[in-house]
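*Asks:* Below, each chain spelled out in residue letters.
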Amino acid sequence: MSEHTLEARRLLCPMPVIRTQDKIKTLEKGDKLTVICTDPGALNDIPAWCRINGHKVLETKEAEDEVIVVIEVGNGA
Amino acid sequence: MSRQRKAISLISGGLDSMLATKAIMEQGVHVEGINFFTGFCVEGHTHAIRKKDKEKPKRNNALWVAEQLGIKLHIVDVIEPYKDVLLNPKHGYGANMNPCLDCKCFMVGQALQWIKENDFDFIITGEVVGQRPKSQRAETMPIVQEESGAGDLLVRPLCAKKLPPTLPEREGWIDREKMFEFSGRTRKPQMALAEQYNFKDYATPAGGCCFLTDETYSRKLVDMWQARSDREYDLDDIMLLKVGRHIRPRPNFKMIVGREEGENKYLEGYKKQFTYLRSTSHTGPLVLIDGKVNDDDLELAARLTARFGRGKTADEVTIEATFTDGSVKELQVEPLPPSQLKEEWYV
Numbered sequence: 001m002s003e004h005t006l007e008a009r010r011l012l013c014p015m016p017v018i019r020t021q022d023k024i025k026t027l028e029k030g031d032k033l034t035v036i037c038t039d040p041g042a043l044n045d046i047p048a049w050c051r052i053n054g055h056k057v058l059e060t061k062e063a064e065d066e067v068i069v070v071i072e073v074g075n076g077a
Numbered sequence: 078m079s080r081q082r083k084a085i086s087l088i089s090g091g092l093d094s095m096l097a098t099k100a101i102m103e104q105g106v107h108v109e110g111i112n113f114f115t116g117f118c119v120e121g122h123t124h125a126i127r128k129k130d131k132e133k134p135k136r137n138n139a140l141w142v143a144e145q146l147g148i149k150l151h152i153v154d155v156i157e158p159y160k161d162v163l164l165n166p167k168h169g170y171g172a173n174m175n176p177c178l179d180c181k182c183f184m185v186g187q188a189l190q191w192i193k194e195n196d197f198d199f200i201i202t203g204e205v206v207g208q209r210p211k212s213q214r215a216e217t218m219p220i221v222q223e224e225s226g227a228g229d230l231l232v233r234p235l236c237a238k239k240l241p242p243t244l245p246e247r248e249g250w251i252d253r254e255k256m257f258e259f260s261g262r263t264r265k266p267q268m269a270l271a272e273q274y275n276f277k278d279y280a281t282p283a284g285g286c287c288f289l290t291d292e293t294y295s296r297k298l299v300d301m302w303q304a305r306s307d308r309e310y311d312l313d314d315i316m317l318l319k320v321g322r323h324i325r326p327r328p329n330f331k332m333i334v335g336r337e338e339g340e341n342k343y344l345e346g347y348k349k350q351f352t353y354l355r356s357t358s359h360t361g362p363l364v365l366i367d368g369k370v371n372d373d374d375l376e377l378a379a380r381l382t383a384r385f386g387r388g389k390t391a392d393e394v395t396i397e398a399t400f401t402d403g404s405v406k407e408l409q410v411e412p413l414p415p416s417q418l419k420e421e422w423y424v
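One line per chain: the protein sequences are A and B, in this order. According to this note's numbering, the first sequence is numbered sequentially starting from 1. According to this note's numbering, the second sequence is numbered sequentially starting from 78.
Hints were generated in silico from the structure; no laboratory data involved. Since we're looking at a predicted model, the values are computed, not measured. Treat each hint with caution, since some may be false.
Stated by the list, open to error - Calculated lysine to aspartate or glutamate pairs in the EDC-like style (CA-CA distance at most 16 Å, straight line):
(1) B:Lys-319 to B:Glu-337
(2) B:Lys-342 to A:Asp-65
(3) B:Lys-349 to B:Asp-367
(4) B:Lys-149 to A:Asp-22
(5) A:Lys-23 to B:Glu-337
(6) B:Lys-342 to A:Glu-66
(7) B:Lys-342 to A:Glu-64
(8) A:Lys-25 to B:Asp-154
(9) A:Lys-56 to B:Glu-144
Sequences are here, hints too, so could you generate the full structure?
*Replies:* Set out below in structure tokens:
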């Protein structure tokens, strides 16, 4: 199991979701992925994508102008 | 025992694709959704940018629909291959820069490629005969089948009974009698079916899922191409057309003027790529300059920038211009009076 970070600042939805989806395809079950975005829409969209695709959102944070979503890769990878 | 058949459904986020998907799921088929991002999709971008819209719920409707249906959704970035669709549409454009029929052929073609790569059996769309003037007419239905290459692997459950039987119907994977014969622009049958499926909430069907159907957006796109004498574009170009006032006071340059705090913040992300102007003496917008400017152009741009800030009635406003090489020039200008701000400058 390994930890990864995805830079998705300045991208507007659905690009952060697409980048998350494409990154997760390269990861293994149990890996952790931290996605850093600036589009507040990502706070809804990435967790929604995770729910329907079998991944677990461990944490969501809003700090300053950033949104951070931490994901544990599930069976959908 | 026969294996469970698998279908991919083109999910736009609207009601029709939601109903079409549900109709096939009800027949025991495993369905997953696919959504294509062309760069022109409306999906909340401007809401994400504009501060004043922050209170509105921000949801990606395609994701939301997939979640309501309990299916997976694959979102595919088609920005690059879509350029050829937009620039060279075989069937031309709709009322604006929308190449709807070519777009539909392209998306179904992409879905066909996806089912081949992922061992799925057929494709579903929410198309309805006669619903859209450009892409959903009786005569365009076979064109989409043929030009996408999908042929009779393409099932349109909402109007299937008005069309020839497809392979999944002939093979008995799905029952034609459990599909529908909707047609025309009326939404009543869809509303009734939504009620039957107990769908209480769905995006308003208005055909407004693509910026290319928007007159103002299309005008900005054409203006950009004309000014550059080149129709090439990248994602930043088409995103910036969604943000701010676009003012072209002279053919050689355009100003992108932030309209409020959210847009100013978004435009700040482009400060390294563009010359930008901002008032240092008064509160005002961030303004990007797209094009090459001489001293006289810069003076006019500074006066316009002052015009859109709090100093618009002041005798003099200080404007700082920052160039892409990092150098800075300060200008003391008189804000451009409204009488000199020409209507035709607005793109």
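*Asks:* If a hint holds in the structure, say so; if it doesn't, say that too.
*Replies:* Here's how the hints hold up against the structure:
no., hint, in the structure
1, B:Lys-319 to B:Glu-337, "14 Å, holds"
2, B:Lys-342 to A:Asp-65, "10 Å, holds"
3, B:Lys-349 to B:Asp-367, "12 Å, holds"
4, B:Lys-149 to A:Asp-22, "14 Å, holds"
5, A:Lys-23 to B:Glu-337, "34 Å, violated"
6, B:Lys-342 to A:Glu-66, "12 Å, holds"
7, B:Lys-342 to A:Glu-64, "12 Å, holds"
8, A:Lys-25 to B:Asp-154, "14 Å, holds"
9, A:Lys-56 to B:Glu-144, "15 Å, holds"
Hint 5 from the list above is the single one not met by this structure.
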